[in-house]
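Sequences listed follow chains G and X, in order. Quick note: the first sequence uses the numbering used here, first residue 1368, plus one each step. Quick note: the second sequence uses the numbering used here, first residue 1368, plus one each step.
No wet-lab data here; the hints were simulated from the structure. Please note that the accuracy of each hint is not assured.
Pairs involving identical chains hold if they fit within one copy or between any two copies, as the list cannot separate such chains.
[What the hints assert, rightly or not] Simulated pairs of lysine to aspartate or glutamate, DMTMM-like, Cα-Cα distance not exceeding 25 Å:
id	residue 1	residue 2
1	1631	1621
2	1391	1782
3	1465	1480
4	1762	1382
5	1460	1774
6	1436	1589
7	1631	1661
8	1436	1773
9	1390	1502
These numbers come from a predicted model, not from an experiment.
These are the residues of each chain, in order.
There are 2 protein chains.
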Amino acid sequence: MHDFHYVDNRLFCEDVSVAQLAKKFSTPLYVYSRRTVLDHYLKIKRAFSALKPLICFSVKSNSNLSILKTLVAHGAGLDIVSGGELRRALRVKADPKKIVYASVGKTRPEIEEAIRCGILFFNIESLQELGVISEVATRLKKEARVCIRINPDIEAYTHRYITTGTLESKFGVDFQTARIIFLNQENFKCVRILGLHMHIGSQITQSGPFLSALKKVCGFIDELKKMGIGLQWLNIGGGLGIIYRQEQPQTADEYARAVLPILKKTGLKIILEPGRFIVGNAGILVTQVLYNKDTRARRFVIVDAGMNDLVRPSLYDAYHEICPLDNRRMLSSGSMKLSDVVGPICESGDFLAKDRLLPLFDNGDLLAVMGAGAYGFSMASNYNSRRRPAEVLVKGNRYYLVRSREDFDDLTRLERIVG
Amino acid sequence: MHDFHYVDNRLFCEDVSVAQLAKKFSTPLYVYSRRTVLDHYLKIKRAFSALKPLICFSVKSNSNLSILKTLVAHGAGLDIVSGGELRRALRVKADPKKIVYASVGKTRPEIEEAIRCGILFFNIESLQELGVISEVATRLKKEARVCIRINPDIEAYTHRYITTGTLESKFGVDFQTARIIFLNQENFKCVRILGLHMHIGSQITQSGPFLSALKKVCGFIDELKKMGIGLQWLNIGGGLGIIYRQEQPQTADEYARAVLPILKKTGLKIILEPGRFIVGNAGILVTQVLYNKDTRARRFVIVDAGMNDLVRPSLYDAYHEICPLDNRRMLSSGSMKLSDVVGPICESGDFLAKDRLLPLFDNGDLLAVMGAGAYGFSMASNYNSRRRPAEVLVKGNRYYLVRSREDFDDLTRLERIVG
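The following block holds chain G by itself, in its conformation from the complex:
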């Protein structure tokens, strides 16, 4: 569910007309619904309330400071993956004790900064990383808290680029390596191992893979217990799928019902790391039709947003629904034709939607690319020397420009000309 809906055939975000925002801030434009963000966050929180888990929002899915602030102000923790995301977390005054840090490539300066500011723990992705963290902590004369990220070798049945829980992927350590780490904890000075982390991928719509992974991890927890090794935390990651098209993903409640019994039995404090589930359907990308073009092969709707603004269709073959801001277009279905919605970028990979039954739009018509709240702006680039879009946050009948559109000087500010 989300707070984008038609009122008299005009698309609204909460109580604000999206066309009004496009007029005021121009296009392409990201528009987020604050209420939707919080709804999704609270849905997970309620579904898991029996366990009072720490819900760490996945910053990489949408790093906008106001989105982060909204969630942090409501008690969320943050799941970060870089020094840059740590800076963002600190900018919104997130409680370091609610920050967990995963990434296969943490650098020494990043590790040092995270230890200094006292994050809850690192998710360890390799034996060597644990050694480096120990080294840095020892030098700083501080204790580093860590969880071991287990790669449970489970196929998540999602896009190959976002499945992360098989041994073909670079993430986590296998059970044997984890065993070695736990049995040799004393070798890692100034490190305290608090628990386990798992994350098997993204946009997973069924509980099957989660359950399989979780059972393997819980078996391992039992094994450790028998060896006298007790844990405090179990971080079960993110990956909950959302509806982009016709998917029927498990709801937060269904997911909770499936995993709660297993989690309870561990007796551990639980962490969840939702990203897409919270923001995916809470954002849209608004774009304007520039030209229509009929070829013998197909109709092209050429719009002013491109793969630099939203790369998911091109990179992941992702499906995003296309909705005109004025829905009367869709109702006058006489002129419906299979169409590609494409951007202005000079490559064929620059498309937002393919083979959609769409009416003939007028130039200047405004369209919403739905479900663009996660991995939208956070992956945007300046390809073709295009300025990245502005971002607007809607809250009831008010709206806030939470990131201005880049201007041309922003694109070259760091360059100097040598001939």
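Please arrange chain X on chain G, whose structure you already have, making use of the hints.
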């Protein structure tokens, strides 16, 4: 050919040790050879000297102002695709009379700015666009010069995302539409049609597709001539392939030999739009090994550059050679193993190279990702809140920081926090 080579097993860019640059400017780091850029430019210029074509460098392949300045100072024109690229062209004082502007999605403000500054011509991608250009020019009381981009419906045999000359793609107009445009020129007020443009794709290694397309276009030129319609310009686009791996692309000379006779017969002034051919092998991405990780399935070399810095492997399955800055690593081949070189970004799509026979590197070892001069930095993003790399231009034994690394404040400068 390019100016990256080993001297006593140390990688040099021209006369500068790349390791020295990495030490001074840190990693990840783009390093460009000015001499290689000019060599490639001059190779095309010489190969086509019989026709004295205007060579317009494709700005989108590498938009760094110093690369542009280098080429412009040597007489090159520029092939632009956006208002942002026009700004860049003006920043390096390119002669507007040597600027051509293609893009299926030119906006009215972009068109107006380009007309005002007097570019050589627009490459027209659709009937509607021509109408808008005429409208804007009429309003400005200026003349807009255009060429019609022909989509010759030729398969270029390259990656589906960079083939642009079939009717399945959004680019150009078919012959029938072009015919209609030429026969109704007087309907487009304040527009002067100067010629034809074709561009069938990128990284094309054989002359066959070029020749087929060119023959179709030349047949059309003859047809127009018979109708009494004379042209001045024929823009044959870019798309020349380079060596990333074992490709044996046509050289500039071979390409010229194949097409020169046909071009001469047209009697038209010729434009070429090389991008990758000029800068592709003139740049590398330097990165540092952070961790090694052996799983049962494979070895991962985890480096500090990721898909946000260089998206080609992830987006196009592109192959980039991996060369250690200290080549003695490669010579001690005892520890060679099939390896994936992967970045720190939290998705499985984040890799720079897969299944390469590589030695066991030490953490801290420096690697060069070769052939990263085109579609490297120009496609970089801040995904995972990572700062984009610095760029260095080498000129003989000197080097220049032509773009500074972003700092963390650059990432959030345009945002404001609303909770």
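Comparing the hints with the structure gives:
no.	hint	verdict
1	1631 x 1621	within (16 Å within a copy, 71 Å between copies)
2	1391 x 1782	between (31 Å within a copy, 17 Å between copies)
3	1465 x 1480	within (16 Å within a copy, 50 Å between copies)
4	1762 x 1382	within (8 Å within a copy, 58 Å between copies)
5	1460 x 1774	between (28 Å within a copy, 20 Å between copies)
6	1436 x 1589	neither (38 Å within a copy, 65 Å between copies)
7	1631 x 1661	neither (59 Å within a copy, 34 Å between copies)
8	1436 x 1773	both (22 Å within a copy, 24 Å between copies)
9	1390 x 1502	between (54 Å within a copy, 22 Å between copies)
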